[in-house]
Amino acid sequence: MSKPKDSTRFARWAVSMPPMLFMTLFFALPSLIMAVGSFMIPGDTGGLAPLFPILTPHINPHDGLQESGLTIENYRTFFSDTVYAWIFLKSFFVAGLTTLICLLMAYPLALLIARSPKHKRDLLVLLVILPFASNFLVRVYAWMIILGPFNLLFTNVAVILGMVYVHLPFMILPLYTNLEKHDPILLDAGQDLGATKWQRFWHVTFPLSLPGIYSGSALVFIPVLGMFAIPEILGGKDSMLVGNLIKEAFLATRDWPFGSMVSMMLTLAVLGVAALMSWLSKAGRFQPR
Amino acid sequence: METSKRLSPLLWGCGISVYAFLYIPLLIVVFFSFNDSKLNAQWVGFTLDWYRKLFGNTDMLVAARNSLIIAFLSAAGATLLGTMSGLAIHRFKLKVLPVMVFTPVAMPEILLGVSLLLFFIQFLHLTLGMTSIIIAHTTFCVGFVAIIVRARLQGMDESIFEAARDLGATPWETFKYVTLPLIRPAVIAGALMSFTLSIDDFVITFFMAGVGVSTLPLQIYSMIKVAVTPEVNAISTLLMMLTLSLMWIASKVAPETLKGHA
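Sequences listed follow chains S and X, in order.
Okay, so the first sequence: first residue is 1 according to our numbering, each after it adds one.
Okay, so the second sequence: first residue is 1 according to our numbering, each after it adds one.
I should point out that these hints are in silico values taken from the structure, not numbers from a laboratory.
Just to be clear, a hint being listed does not mean it is correct.
[Stated by the list, open to error] Cut-off 30 Å, straight-line C-alpha distance, at most; resulting in silico cross-link-like pairs (BS3-like, lysine-lysine):
id, chain 1, residue 1, chain 2, residue 2
1, S, 237, X, 38
2, X, 225, S, 237
3, X, 93, S, 282
4, S, 181, X, 225
5, X, 38, S, 120
6, S, 90, X, 95
In this text, all values refer to a predicted model and were calculated from it rather than measured experimentally.
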């Protein structure tokens, strides 16, 4: 066995290096800059103040304010004012409520598709994907037309409706993928043992579908948490979420260090949610069935 | 036995209502794009005026041209890099590359948008425009292509590649004569998906566009921020048709991409 080891090594390098370089430059590095930026000071004309010198920060003799270097001021602002904690809480609430409504709507449909005859399933799934063919803004705009006459436009109800509408397929598809794999013989066994329809659902189908619920929930919860366009288009003055806070900091007030800090807090929240979901679905596997 | 095979009417009722919930809003948009009234409220009569107005709108045409250029170039870049990533992640047990490639797919778009905004302006001191949009779109599309290509590779018998290697093929020959023909449907599907994602993207483009450049979603956004007009319905309908035809092509080339995962 004289394997062409060198050529394999070269192939490995040639295939993985270009995407690695690209993603390092345009994903990892920008994320790092944002992390550092969250500890910086806003510049005179917006953006970030010069970073150097870090160790001997320059203090303006006139007003005693720091003009360069690193600071934890942004994080201090965040934790000292309940306004920001409130916006985060509200975003979590909106994301949670959206996820719950999506789950309640998606479950029956996913179950229906999974229990339909095999040859019909592909068509039924396609019918779920097709609304994706319309632009995200178009789907939000549709609700402007519908809610206008009911005086619901520019309210929090409109925001939730828009969020549910845009993210519903993300819940249906993973649920269906899970439900489709269930062996129908389990339900038959349950029936033979005298279980009613609801008992069969609660004790067989539902526990088995938990991994699908967790991945669907993550796919809905995470994007909703960072959404700014739907509150901006369908919401009112009191509909501001984390995404809007970030957008305002970057484009309106141009306090980029503050925006970076809020983005870092959002990143932490997202990582927390993702970790929770993957832990839940792992823990679920060891449950007695 | 018999009863468990029949679906309950309750399930059917719920299912059909959810389908209605998904489709009725979009049908309303399409319906009013042909309505001879400035208000999206009542059917007055059939007209193609809104479409005519659209084609006379220079801003809109420029935005459409920009959208197409951006989608073509970023789909090309993402397909190349995403196919490489998919191959590398499947073939070699890599630890860092999967994280780099798949994270942008999973995180809220706004985070990628603002971090790239910081990067381009603060770090590279570049003016935002077409280039920054194309790079940003490529960055988030790479992961989608990699997912599709890797899924295709996972479904294949490893012994084909081993056979090629045992017969003395170099890695390049194995790729050219064995791997590429086998993954071609996934590569094409990945390219079409990137094109669709790019042409539909709003959030990242919003942060990357700067002042001078506009795309179709940005145009729609600025229009609906001002007022609800049937012109938006018309451009929405056209955009829907475009994405639908792209999805139709994808379903012909690689039917498996339209099933299962999102």
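For each hint, the structure was consulted:
1. The suggested pairing of residue 237(S) with residue 38(X) holds, with an alpha-carbon distance near 27 Å, which does not exceed 30 Å.
2. Among the hinted pairs, residue 225(X) with residue 237(S) is consistent with the structure: their alpha-carbon atoms are about 14 Å apart, no more than 30 Å.
3. Pair hint residue 93(X) plus residue 282(S) holds up; C-alpha atoms about 22 Å apart against a cutoff of 30 Å.
4. A threshold of 30 Å between alpha carbons decides the hint, and for residue 181(S) with residue 225(X) the separation of about 44 Å lies outside it, so the pair is violated.
5. Note on residue 38(X) and residue 120(S): the hinted pairing is violated, with a Cα-Cα distance of about 41 Å set against a maximum of 30 Å.
6. Taking the CA atoms of residue 90(S) and residue 95(X), the gap is near 36 Å; set against the 30 Å cutoff, the hint is violated.
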